[in-house]
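Student: Chain by chain, the residues:
Number of protein chains: 4
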Amino acid sequence: MTTVKHLIGGEMIADTGRSADVFNPSTGEAVRKVPLASRATVQKAIDAAKAAFPAWRNTPPAKRAQVLFRFKQLLEANEQRIVQLISEEHGKTIEDAAGELKRGIENVEYATAAPEILKGEYTRNVGPNIDAWSDFQPLGVVAGITPFNFPAMVPLWMYPLAIACGNTFVLKPSERDPSSTLLIAELFEEAGLPKGVLNVVHGDKEAVDALIEAPEVKALSFVGSTPIAEYIYSEGTKRGKRVQALGGAKNHAVLMPDCDLDNAVSALMGAAYGSCGERCMAISVAVCVGDQVADALVEKLVPQVKGLKIGAGTSCGLDMGPLVTGAAQAKVTGYIDSGVAQGAELVVDGRGFKVAGHENGFFVGGTLFDRVTPEMTIYKEEIFGPVLCVVRVNSLEEAMKLINDHEYGNGTCIFTRDGEAARLFCDEIEVGMVGVNVPLPVPVAYHSFGGWKRSLFGDLHAYGPDGVRFYTKRKAITQRWPQRKSHEAAQFAFPSNS
Amino acid sequence: MTTVKHLIGGEMIADTGRSADVFNPSTGEAVRKVPLASRATVQKAIDAAKAAFPAWRNTPPAKRAQVLFRFKQLLEANEQRIVQLISEEHGKTIEDAAGELKRGIENVEYATAAPEILKGEYTRNVGPNIDAWSDFQPLGVVAGITPFNFPAMVPLWMYPLAIACGNTFVLKPSERDPSSTLLIAELFEEAGLPKGVLNVVHGDKEAVDALIEAPEVKALSFVGSTPIAEYIYSEGTKRGKRVQALGGAKNHAVLMPDCDLDNAVSALMGAAYGSCGERCMAISVAVCVGDQVADALVEKLVPQVKGLKIGAGTSCGLDMGPLVTGAAQAKVTGYIDSGVAQGAELVVDGRGFKVAGHENGFFVGGTLFDRVTPEMTIYKEEIFGPVLCVVRVNSLEEAMKLINDHEYGNGTCIFTRDGEAARLFCDEIEVGMVGVNVPLPVPVAYHSFGGWKRSLFGDLHAYGPDGVRFYTKRKAITQRWPQRKSHEAAQFAFPSNS
Amino acid sequence: MTTVKHLIGGEMIADTGRSADVFNPSTGEAVRKVPLASRATVQKAIDAAKAAFPAWRNTPPAKRAQVLFRFKQLLEANEQRIVQLISEEHGKTIEDAAGELKRGIENVEYATAAPEILKGEYTRNVGPNIDAWSDFQPLGVVAGITPFNFPAMVPLWMYPLAIACGNTFVLKPSERDPSSTLLIAELFEEAGLPKGVLNVVHGDKEAVDALIEAPEVKALSFVGSTPIAEYIYSEGTKRGKRVQALGGAKNHAVLMPDCDLDNAVSALMGAAYGSCGERCMAISVAVCVGDQVADALVEKLVPQVKGLKIGAGTSCGLDMGPLVTGAAQAKVTGYIDSGVAQGAELVVDGRGFKVAGHENGFFVGGTLFDRVTPEMTIYKEEIFGPVLCVVRVNSLEEAMKLINDHEYGNGTCIFTRDGEAARLFCDEIEVGMVGVNVPLPVPVAYHSFGGWKRSLFGDLHAYGPDGVRFYTKRKAITQRWPQRKSHEAAQFAFPSNS
Amino acid sequence: MTTVKHLIGGEMIADTGRSADVFNPSTGEAVRKVPLASRATVQKAIDAAKAAFPAWRNTPPAKRAQVLFRFKQLLEANEQRIVQLISEEHGKTIEDAAGELKRGIENVEYATAAPEILKGEYTRNVGPNIDAWSDFQPLGVVAGITPFNFPAMVPLWMYPLAIACGNTFVLKPSERDPSSTLLIAELFEEAGLPKGVLNVVHGDKEAVDALIEAPEVKALSFVGSTPIAEYIYSEGTKRGKRVQALGGAKNHAVLMPDCDLDNAVSALMGAAYGSCGERCMAISVAVCVGDQVADALVEKLVPQVKGLKIGAGTSCGLDMGPLVTGAAQAKVTGYIDSGVAQGAELVVDGRGFKVAGHENGFFVGGTLFDRVTPEMTIYKEEIFGPVLCVVRVNSLEEAMKLINDHEYGNGTCIFTRDGEAARLFCDEIEVGMVGVNVPLPVPVAYHSFGGWKRSLFGDLHAYGPDGVRFYTKRKAITQRWPQRKSHEAAQFAFPSNS
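Protein chains in written order, with UniProt numbering: chain U, 1 to 498; chain Z, 1 to 498; chain A, 1 to 498; chain E, 1 to 498.
These are computed hints drawn from the structure, not numbers from a lab. Misleading hints may appear alongside valid ones.
Which copy is meant is left open, because identical chains are indistinguishable; a pair holds if it fits in one copy or across any two.
[What the hints assert, rightly or not] Calculated cross-link-like contacts (lysine-lysine; reagent style DSS-like; alpha-carbon spacing at most 30 Å):
1. K401 x K44
2. K331 x K218
3. K205 x K300
4. K309 x K44
5. K453 x K5
6. K453 x K205
7. K63 x K401
8. K453 x K50
9. K33 x K300
10. K331 x K63
11. K44 x K453
12. K5 x K300
13. K380 x K218
14. K401 x K195
15. K218 x K401
16. K354 x K44
17. K309 x K453
18. K195 x K306
19. K33 x K401
20. K306 x K218
21. K380 x K306
22. K401 x K331
23. K218 x K238
24. K5 x K380
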C-alpha cells in the first residue's frame, strides 16, 4: 500500500512518522496510507514558503497570472485522473467529482485576473500637489486547512487566489482523501510555479496547531465544522493572525404555494442527496408554506428518493455514492434513529442500505422525514448525510422566522414565481447566500462565498473580491514633492554661460 | 462640578453610580465628573441600539445620508464650542483641536456618499438566465471604544460610517475628555438622527467588557494602546464578533542626504511635538542617512525645540500644550530619564518645564535625543510625549531594516527628492501608512487608515472603503426564474374566445 | 417688465441686443424679457470659463466639494423661491416643481462625492519595478444646453458634476423659463464658487451654434428633441468635441394580466399626465396584454382622467397645469385631431379645456385614446402633452416587439407580479431605462440616465458614473525609476571619511 | 501567387473582385494578392455578424471567456507562424513581431476576465423597497478598421474584448499585411468561437465606407492617421454610431539634466528606431533641457544610430527592417530632404541606405537631426520613419509648453531622477499616455490606451476598462414589487380548512 507524500519546497517528501489509513468508502477498504505531519515537518513547509516569498512577491501580477493560465490548462487536461482519485477516496460519483473540479477551475480562472483585481485606488491632489494611493500587498506565508467533502474545490478556493496575490502557501488538506488534492498541487508545480510557493502537508490536529501557532503564518483560511472553525478563529486571532473560518450549515429551502413544483422537486433531489448530503450547501430542510404544497411535495419526492441510483462512486450513471467513513455512516444512522424517536414521520428510510458487491461500503440510502419540528435534533444539527426533513408552516413570514432563528446561516433558497416574495426573502433572511429558484446558491467564482451567523467566523468571505481583500493588506501612500520656486525652474537647465 | 451624562435612546441620562474626575491638564484641576457605566447601563444602550436597528436598516441609504449632510453643517456651525471643550479637557491647542475636528468632519463627508459606497456588484447571466448580485447589509448593533488623544476625530472615524451603512451604534469614548465627544453626538441627534441609532456611554473596563461580552454587539472598533487592542481583538473574536483594534506606534522619518532639509525640519517639528506627541501618527524617530544630514538636522532642530511656544491649550498662538494627565507626565519624564541612563545624548531636555500661571499643569517641554540606538527603551517603546529621537544610519537599506524590524508598523515617511528612493521605500517598508515628504501620512477620509504588524489587529482598516466593508456583511444572491415554454407565453394573454 | 441677465465671470450682465418674451403659461401673458445672446456675448462667457479653468482644475476635489456642500444647503434654503419661479414660467404645479428641484439636488449630492468618484486605478509592478496608474483629468471648458421642461433639474444633472470634476462651464438654458435656472446658478456663486467657473448665457440658435463652433468648448451636454440632439451630436463631433445629446422618447408601459391594476392605474395617471406630459420619461403608451386588462384599465382610467385637477401651476393641490406655450398647445391639439382622423378611439377629449379666470392660459385637458395602432401618428411621434394611448396586444412577446421596433428607447416599464416576466422584459427590451412596477424609472443620481436608439446620441449617459467619465479624460501614466546598482546604495550616505 | 481570403460566417471566402498586391518590403516584391471587398461582400460579413448576435449575446460571459482562454493557448502555440507572417508582410524584425503579438495576447487575457469586468452596480433601497441596478449590454454588430503597422496587436486590442462583451464583429484589417491578421482570426475560430461572431473582410475605402454607412454596425473602432480618424469619427457619429478613432502622433521625450543618460539613450534608440519608427507611440522628438544634455545625447547617439543592424525583417538579430512600402520610403526621404532644406542639422543621414542582397527593399537608414525647431515640417508632422529630431530648450517649463502646443497628444515621456519634475510633468502635460523613464508608455492591457487632442476622437480610450464601456451600453433598471398588506401574507398559504 503506497503512502502519500508531502509537497515541500517543490519536492515530494516521504514521511516516516505517524500515519493513517485512507479508505475507499465504496468498498470500506484502506487503499493508501497518509502521513500525519509532525510540527517539525509543518515547520519545514512554512520555512519553504517563507523562503519563496520575497521573489514571488516581487513577480509582477501579470507574470504570476501566466502560471495560473497554464494551471487551468493542466487541470482540464488531467480531469479524468483527478476525478477518479476524488471518487475513489471520497466516494462521490464521477459526475459529481467532475462538477466539483469545474467549480475549482473557475476559481483558478478568477485568479488569472490578478492584474485587474489587485488594482489600488489613486487620487491626484488630496491636497495641493499631494497625491495618495492604495496598494494591496501580499501578507507573506498564509495557510489553508480544508475538509474531506471537496478535496479539489475547496483548496482551489484558497491557494490560487492567495498565490495570485503574491503570497506563498501551506495547505493542509483533509487526511481522508488527500490524493486528488496532492495531484492538483503537483500540476500547479508543473505549470511553472516556483518551488516553495505552494506546499502541501498532510496531518491532523498536530499539524493544524503547528500552523495556528507559527508566527510566520499571517493568515488562515479554514473550511470544516463549526466547533473547529470557532477554535481556529479564536486561537488564530488570539495570535494576531487574520482568520476566515467557515463552519457548518443547515440550509432551508422554502416552497411557496405558487412554485413550479416539478422544478422544485428536481432541484431538491440534487441539493439534498447529491454527494450523499456531504456538502455545506446541501439543502437538508424543505419548508413548505401550507399543507397542500407539503403533501404534494412529499408525494412527488417519495418515489424519487426510493429510486435513487446508489453505488460505488467510481461507477458511472449514479446519483449517489457512500458516505466518507464508517464513523460518518454510524453518525447519520444515529440521527435517523433520533428523528424517529423524537416523533418525526420517517417517510423513506435509508438505514441498512446495501449495495451488491460492495457490502462493506459506507452506504446509507436516501432518507426523507416529514412533519419535522424545530426542537428535534435532526432539525437543529447538521446531519451531513442523505436526509431531507420536511417542515410545514403557514406563511412565508413563519418560514423566514424559522430560518432566522437557526444557529447557522450559510445558504437558503426560495421556490416561487412571485417577485415580491423573492425580494422580501432576499432582503430580510439572515443567511449569507440566497437562491431564488436556485437550490444550491454557491456564488460563482467572481462573487464571494460566505455564510452568516455561526456558519462563518471572520469579516471577509471566501474567494472572489473578498478573497482578494483577505489575502492582501492595504498600504496607503501619501506623497508630495517639495516644490521649487519659480526661479528654481532655471536650475533644470545647465548654466548657459559656463 | 457638573457630571457628564450618557446618551441612550435619544435621552441624556444621568448616572448615579461610580464616577471619575475629568481634569483640565493645563491647570491640573478637575473640571467635571464623568460617570463610569455599570454593565446594566451599557446594556440599556445596547438595547436602545437594538430597538432602533430594524427601522434604520430599512431607511434608504440616500435618506440616511440626509442626516449626515445636516450633521456636517451643525459640526461646522458649532466648531468653536467643540474645539474649546477638546482643548479644555485634552490640553491640545485650539488650532490643533480645530484640525482634529476638520479631519473628523471629512469622515462625515465620506459617509454622506453612502448611496455610492454601498453599491453591490451585479452580473446578468452567471449561467443561462441566472443572475447574481451582492448586497452589503448592515451588521446590527456595533460598538466603538475610543482614546483620549482625539476625542472628536476618532469617534467620527467610526460611527458616521457605521450608521450610514445602516447599523446602530454604542460609543464608549475616553473617560478623560468626554465632553466634546458627547456634544458632537448631541449635534447628530439634532441633525435628525432617530433615537437610539447612536448611543454614548462613559466608562472604564467594566463598560468595555460589557460591550465585548454582549452577544447583540456584532462588531467592535477600537483605537488605543497595543495591549488593550490585543485584548479586545482576542476577547471579541473569541465571541465570534468582528473586531478592528488599532494599537500603538513608533513612527520613523527617514532623512536622505538629498532632502530639502528646511522643509523636513518644519515637518518634523509639527509631527514630533504637535499635540505634545500624543498622536499615534506622531513622528518619534528621525533616522538620518549619514552623519552629515544628522548633524545638520540636530543643529537646525535645537533652537526650534527650545523655542516651542508652550502653554494652556485654550490660549491662542501656541505650538504645544500639556500632557493629558499627571500620570502621563510622570511616564514621559521617566522615559527621558531612561534615555539618559542608557546613553542617549540628551540635546534638549524638557523635564521640569513650567508654565507661569499654570504651575500645576501637566507640562513637559520639547525634548530631543541624538545618537539613540535600537536597543534603548526610548527607541523600542511608544513614549507618547514630546520626545524626538535621532538615530544615525549609513544607508537607506539600513534605515529600512530598522523600521521593518520594529514591533510597530503604523506610519512612516521619507524625506528625499529622489524618485527611486521614494519608490523603493514605499514598496518594501513594512508599515501601513507611508509618506513621501509628508510627515503625518494620515490617509484622507476616502482612503483608509491602518497600521501593520502590532499596530492593528484585524483584516480591515478604519474608515474609507475598508470601513464600509467592516461595517457591512456581504449577501450573495443567485436568481433564476423557471422559464415558461414557448407555448406558455400565451398564458400571459387572456383566452381570446372566453 | 424686467429683463433677465446673463451670468458671466461672476457678474450679472445686462444685454441690450435681441430678446424674447417669457410667458406665464397659466395666464398666457409675458412676464419678463430674456436676452438672446450674440456670438460675442457667448464668447465672453467662454473666455470667462477658460480664464477660470487653471485655478479650478488645480483645486483639490475635496475642496471643490465644499462649495457643492454649501450649494446643497442654499438650494434647500431657497426652495420656495425657486419652485415659485419654475411654476410661474413653466406652468407645472408647485408640488411637481418641488419634486424636480429635489431630484436636481440629489445630483448636487452625488457631486459632493467628487473625491470618491474621481479615483483612478493604481497598479504596482505592471512590470518589474514599473508602476502604472490612471488619472481622470477635467476637459477644460464644457457647455450644457438644456430644455424648458426641467429648468432646475436638467441643468443640475450637468454642471455640478462637471464642475466637481474640475471643469468650468457655460450653460445655455431654455429661453422659455430661464429665471429659476439663473437663480440656482446665483446660489452656486453665493456658495463660494470662484468667478467664471459657472457662466449662464440665454439665447437661441445663434448661441447654440456659437457653443458648437468654439474650439475652447471641449464637450457638449444636450437635452431636448431628437432632431436638435442629432444636429448637435453631428456638428459637435465633426469639430472633434465629445457630445452627449439626449433626445425624444415614446415610453411604453406594459400591463400584464397579473398586475396589481389599482397600483398600475395610479402609477399611470402620474406618469402620463404629470407635468402635462412634458417629460421625456412620461408614459404615453399603455400596452395591455389581453383585452381583459385593457378593458379594465380604460374603465378605471376614464373617471380619473376626467377628474384631473387642472389649473394655474402656482396654485396648490393641483394635478396638472398648462402647456408651456401657445404653440405647444396647438401642436398637442393637432395630434389629438390626427388620432381621431386616423381611427383611434378618443375616450376622453382634452381639447378646448378652459380654466376659469385663466382663459388665456395654454391648457389642454387630460386626453385618453384607446385602440391606438402602431401606424398612427399619435403612436409614432412624441406628443409631449397630456395624452395617453392604449394599445392592445396578445402577449408579452408582442408587447416587447412593439417597443423594440419603435424609433425611441428612452424609458419603459412593466406592471406584473411575475418574476420571470419582469426578468425577460428587463433583459431583452431595447430601452435604456427600465422600470418594474415603477412607471418613471429615472435612475437615481448615483446611477446614470440615458436612453437607447434615437433617444441618446453618444457613448456615455448623463450624470452618475457615466457623467464622471464624460466630464473627464483618462491619462495613463507608466513609471519606472532607474535603479541604482547595489554599490550605489552607498551613495545615499555621505562619504564616511569626509 | 495566392490570394488571401475573407472570413465570413465561419467560412473562408474567395473573392474574385478587385484586388491589390501584398509586398514583402524587405525584397520589394509582391508575395500575395489581397481582395478588396465590394459593398456587397462587406454586407455579407455584417449579415453574418448580425445573425450570430442573438445567441452570442445570450451566452453567459463566463462561457464566452472559455473560448478566449483557448484562443490564448492557440496564439501561444502558433507564435512562430504568426510572427513569420507579420515580418514577411510588414518588414519588422522577428523579435519586434513577437513583442507585438505578446502585447496582443495580453488583451486576450484581459478579455478572459469578462465575468469580472462586466459587473454592473446594484443598490438595494434606492427608495423604500425599490432596488436599482445597471447592466452593461452588448451593442450588437461592431466593426474595427486597423492599420498596417501592428497587424496582430491592434486588431487584438479590439475584437477579443468586443466579443467578450457579447458583441459580434467585422474586422477590416490593413490590406498591406493581412495574412497574420487572418491567421489569428482563424485560430479564434479553432478555439471554438461560433460562426459569424468574428468576420474579417479585406478592402479599401469602399469597404470602410460600407462599414460606416451600414445601420447594423453600432460602433466603430479605428486606428490609423488623423485625417482618416477624423473622417471616420465625423461620418460615423453623423449616422448615430459610437466611434473611437485613434490618429497620428508626435511623441516627445524630455531629457532632464539629472537623467541617467545611458539609460535614456538605450531607451530612445528602441523607441525612435524600433519598427523603423512606424509606431504611433514611437519617440520622434528628443527635447533636451540645456545644451549640455543635448550635446552629450547627440554624442552618444551618433555611433549607435550609425551602428543600427538593418536588414530583412525575417532574419534574426536585427534592430530594424525596411519601411512598409516604396511610397512610405519616398515620403520619409522627402521629410529628410525638407529638414535639411529648412535648416535642421542632419547628424546621421539614412537616405540611400542599401541592404546587400535586398537592393529593392524599402529601406531607409537611421536618421538623426539636431537643432530642430518648432516651425520645421519635420517637427510639425508625423514622419512615421526612422528619424529622430533633437530639440533644445532651456527649462522643463519650456519643454512642456512645446509639447502642449503640438497638435497631437498621444504619448510622451520624461527622463529624470527627480520626483517633483516627474510629478509636474505627469500632472500638467496635455498628453494621454505619459512615461516616467519609460520611453513607450503603452498602457498594459488592464489599463486603457488613448491619446489626447488630435490623436484620438471619441470619449473612451481603447481596450482595458474604457474598452469595456465602449463595447457595451448601460441599461438602468429600477424595480419595486407591489407589497401585499400584512393580512395578505396569509395568501401565501393555502387555506387550511378548504
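Student: None of the hints should be skipped; say for each whether it holds.
Tutor: Now the hints, each set against the structure:
| no. | hint | in the structure |
| --- | --- | --- |
| 1 | K401 x K44 | between (50 Å within a copy, 25 Å between copies) |
| 2 | K331 x K218 | neither (36 Å within a copy, 33 Å between copies) |
| 3 | K205 x K300 | neither (44 Å within a copy, 60 Å between copies) |
| 4 | K309 x K44 | neither (45 Å within a copy, 52 Å between copies) |
| 5 | K453 x K5 | neither (37 Å within a copy, 34 Å between copies) |
| 6 | K453 x K205 | both (25 Å within a copy, 27 Å between copies) |
| 7 | K63 x K401 | between (50 Å within a copy, 28 Å between copies) |
| 8 | K453 x K50 | between (34 Å within a copy, 17 Å between copies) |
| 9 | K33 x K300 | neither (44 Å within a copy, 68 Å between copies) |
| 10 | K331 x K63 | neither (48 Å within a copy, 41 Å between copies) |
| 11 | K44 x K453 | between (36 Å within a copy, 23 Å between copies) |
| 12 | K5 x K300 | neither (48 Å within a copy, 59 Å between copies) |
| 13 | K380 x K218 | between (35 Å within a copy, 23 Å between copies) |
| 14 | K401 x K195 | between (51 Å within a copy, 26 Å between copies) |
| 15 | K218 x K401 | between (39 Å within a copy, 20 Å between copies) |
| 16 | K354 x K44 | neither (45 Å within a copy, 59 Å between copies) |
| 17 | K309 x K453 | neither (35 Å within a copy, 54 Å between copies) |
| 18 | K195 x K306 | neither (50 Å within a copy, 45 Å between copies) |
| 19 | K33 x K401 | neither (47 Å within a copy, 45 Å between copies) |
| 20 | K306 x K218 | neither (49 Å within a copy, 44 Å between copies) |
| 21 | K380 x K306 | within (25 Å within a copy, 61 Å between copies) |
| 22 | K401 x K331 | within (29 Å within a copy, 55 Å between copies) |
| 23 | K218 x K238 | both (12 Å within a copy, 18 Å between copies) |
| 24 | K5 x K380 | neither (39 Å within a copy, 44 Å between copies) |
Checked against the numbered hints given earlier, the structure breaks hints 2, 3, 4, 5, 9, 10, 12, 16, 17, 18, 19, 20, 24 and satisfies all the rest.
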